[in-house]
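Protein chains: 2
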Amino acid sequence: MASYDILGLGNAVVDVIAPTDDDFLVANNLHKGTMQLIDEARAEKLYAAMGQTTIVSGGSAANTIIGAAHLGCRTAFIGKVKADPLGDIFAHDIRSARVSFTSLPAKDGAASARCLVLVTPDGQRTMNTFLGACQNLTPEDVDPSLVASSEIIYLEGYLWDPPEAKRAFLKASDLARAAGKRVALSLSDAFCVDRYRDEFLDLIRDRRIDILFANESELHSLYQTADFETALELLREEDILAVVTRSEKGSIIVTREETQAVHAFPVETVIDTTGAGDLFAAGFLTGLVKNMGLPECARLGALAAAEIIQHYGARPQADLKALAIENGLL
Amino acid sequence: MASYDILGLGNAVVDVIAPTDDDFLVANNLHKGTMQLIDEARAEKLYAAMGQTTIVSGGSAANTIIGAAHLGCRTAFIGKVKADPLGDIFAHDIRSARVSFTSLPAKDGAASARCLVLVTPDGQRTMNTFLGACQNLTPEDVDPSLVASSEIIYLEGYLWDPPEAKRAFLKASDLARAAGKRVALSLSDAFCVDRYRDEFLDLIRDRRIDILFANESELHSLYQTADFETALELLREEDILAVVTRSEKGSIIVTREETQAVHAFPVETVIDTTGAGDLFAAGFLTGLVKNMGLPECARLGALAAAEIIQHYGARPQADLKALAIENGLL
Chain Y
32 MASYDILGLG NAVVDVIAPT DDDFLVANNL HKGTMQLIDE ARAEKLYAAM
82 GQTTIVSGGS AANTIIGAAH LGCRTAFIGK VKADPLGDIF AHDIRSARVS
132 FTSLPAKDGA ASARCLVLVT PDGQRTMNTF LGACQNLTPE DVDPSLVASS
182 EIIYLEGYLW DPPEAKRAFL KASDLARAAG KRVALSLSDA FCVDRYRDEF
232 LDLIRDRRID ILFANESELH SLYQTADFET ALELLREEDI LAVVTRSEKG
282 SIIVTREETQ AVHAFPVETV IDTTGAGDLF AAGFLTGLVK NMGLPECARL
332 GALAAAEIIQ HYGARPQADL KALAIENGLL
Chain R
32 MASYDILGLG NAVVDVIAPT DDDFLVANNL HKGTMQLIDE ARAEKLYAAM
82 GQTTIVSGGS AANTIIGAAH LGCRTAFIGK VKADPLGDIF AHDIRSARVS
132 FTSLPAKDGA ASARCLVLVT PDGQRTMNTF LGACQNLTPE DVDPSLVASS
182 EIIYLEGYLW DPPEAKRAFL KASDLARAAG KRVALSLSDA FCVDRYRDEF
232 LDLIRDRRID ILFANESELH SLYQTADFET ALELLREEDI LAVVTRSEKG
282 SIIVTREETQ AVHAFPVETV IDTTGAGDLF AAGFLTGLVK NMGLPECARL
332 GALAAAEIIQ HYGARPQADL KALAIENGLL
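Chains as they are written, first to last, in my numbering: chain Y, 32 to 361; chain R, 32 to 361.
Hints listed in this document are in silico derivations from the structure and should not be mistaken for laboratory results. Mixed in with the good hints, there may be bad ones.
Claimed, not checked - 30 Å max Cα-Cα, derived DSS-like pairs, lysine-lysine:
(1) K352(Y) to K76(R)
(2) K138(Y) to K76(R)
(3) K212(Y) to K321(Y)
(4) K212(Y) to K202(Y)
Claimed, not checked - Okay, the calculated beta carbon distance ranges per label pair:
(5) T286(R) to D52(Y): 40 to 46 Å
(6) V298(Y) to D350(R): 19 to 25 Å
(7) P152(Y) to K76(R): 27 to 33 Å
(8) R73(Y) to D270(R): 53 to 59 Å
(9) L68(R) to T300(Y): 36 to 42 Å
Beta carbons are placed, not taken as given, at the ideal position from N, Cα and C, and that holds for glycine.
Same shape as in the complex, but just chain Y (with noise of 0.2 Å):
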């Protein structure tokens, strides 16, 4: 079997994304920032009274992979998507990035999922989540063999909410460890911490996890804290390789021994913020299988970061490696 830099596990979907207001939002009842699990029902009636839409694969450690396939990582994915049109443009955009994509599509259930994105002025992005097939991803869906030829296995905190794909991500978890492989997690949103906290906590005390991204709301959202420096405290003394990601901020990464600042790309115009925390963790890995140091790991995530919000959509549209060597990054 062919070997991988970054083996990437987690929900496959596919973005269906529009520019909004915030009257919208209010009128629909939605939360502005962040993900919300819908049913199909739901779904129907918010596409029917959403503006015109772009569609783009994404699914955020699908988006994350292809990241890192963009900057030169050799990398596979495993997700589920159904047999029908959303599932075969999922297949097909995650295969032109040349990453290994062999889950096999259900034949029947639910449809493929998708994230119904509503931008609004200010790039934010409110998310609306139909699960759909991603929901019949089991752990049989887990190639042992895959994920031991893989460096590292970067799962997303959202396949706590399938909960299949739950025992999906423990057993990779658990057999990359058993590899002497390295395990990546991101939190993925506030909600998602609020919705498997002790969970989540767990993974990093029982030391499942060697890696963890999260942004600002969600490590307040995981230590129950408004005041970030004791958040920042409390993450130091996991004692893991942790990243915060700050928006326009930089980043932070917290380790044992030191808590380094890092700089943010500057962008002169954001247009929808959706993937930068996904590319961020793609340009930070890709530092770490490249051997770069911590810093530089954090710099080459703030700029494939900066890319991804120049545009609608969370995959890349610029030649990320070709910018990353421009940037000295690479």
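Put chain R on the given structure of chain Y with help from the hints.
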């Protein structure tokens, strides 16, 4: 029945857009900057070879109508989709712009049309259209009362590709003329002009057309001359209202009485020129509807075109009306 400022008749197409490079065009025998008709098998093969896609509703005349709706015109559209996922996307998107779209979707037959758009780093698009359900647009889809209640009927040259759609075009044009309404035609592309040159010239000379939109290469193709001045002179002699678009060089308004050059709006970075001509027509026709002077119509067209080439896809992302007001054009 409600009355409309502009009624569009065109192929109902969803664009599947991917960035590419010149090598890909050469390897796949594609002629840069043109639209080529393909069958379903070829569409599937080309899609499989394409990179990560962005899916946005398109269709030349549909883009124009949506642009005009954004600029505040009351608009309607006639076009044929199948009741399938791409057809649903097209219908959702055009209605979300408050365009009246009442054409019934086909229940069987060919799938909804798609245009595989390959965008090279120079911002040029190379289009590969599978017409599918558009082949099923017939004269029966043209409601006489809808035509009679619309001030301007806008037709795309591409309608001459599906034989039945051509008959629908002629029916709409005849009805409009009989009702004392104006008929506008966009020549669509130079190869389309090459396919139907004599018929397009007959349309003009038989007074079935009042307003003609062409870009430089379409104009050269129409009169089979490489000399721009010669082509302009021949156009002048047609004695209709014609507008020749010239990308960053602006546009030229040609009537029997005078020839006026109008500047383009400068753009910092061209991302994707898809829809530039369509949106120019949207602005120009909106100007006519609002009884603006011809140079102001062309400036409004240039403004709408400038917005569209700064992002992927041929549907506006900015608030075109606000942009026009900001620039003193509405």
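Right, here's what the structure says about each hint:
| no. | hint | result |
| --- | --- | --- |
| 1 | K352(Y) to K76(R) | holds (28 Å) |
| 2 | K138(Y) to K76(R) | holds (23 Å) |
| 3 | K212(Y) to K321(Y) | holds (15 Å) |
| 4 | K212(Y) to K202(Y) | holds (13 Å) |
| 5 | T286(R) to D52(Y): 40 to 46 Å | holds (41 Å) |
| 6 | V298(Y) to D350(R): 19 to 25 Å | holds (21 Å) |
| 7 | P152(Y) to K76(R): 27 to 33 Å | violated (40 Å) |
| 8 | R73(Y) to D270(R): 53 to 59 Å | holds (57 Å) |
| 9 | L68(R) to T300(Y): 36 to 42 Å | holds (37 Å) |
Hint violations for this structure: number 7 only, all remaining hints satisfied.
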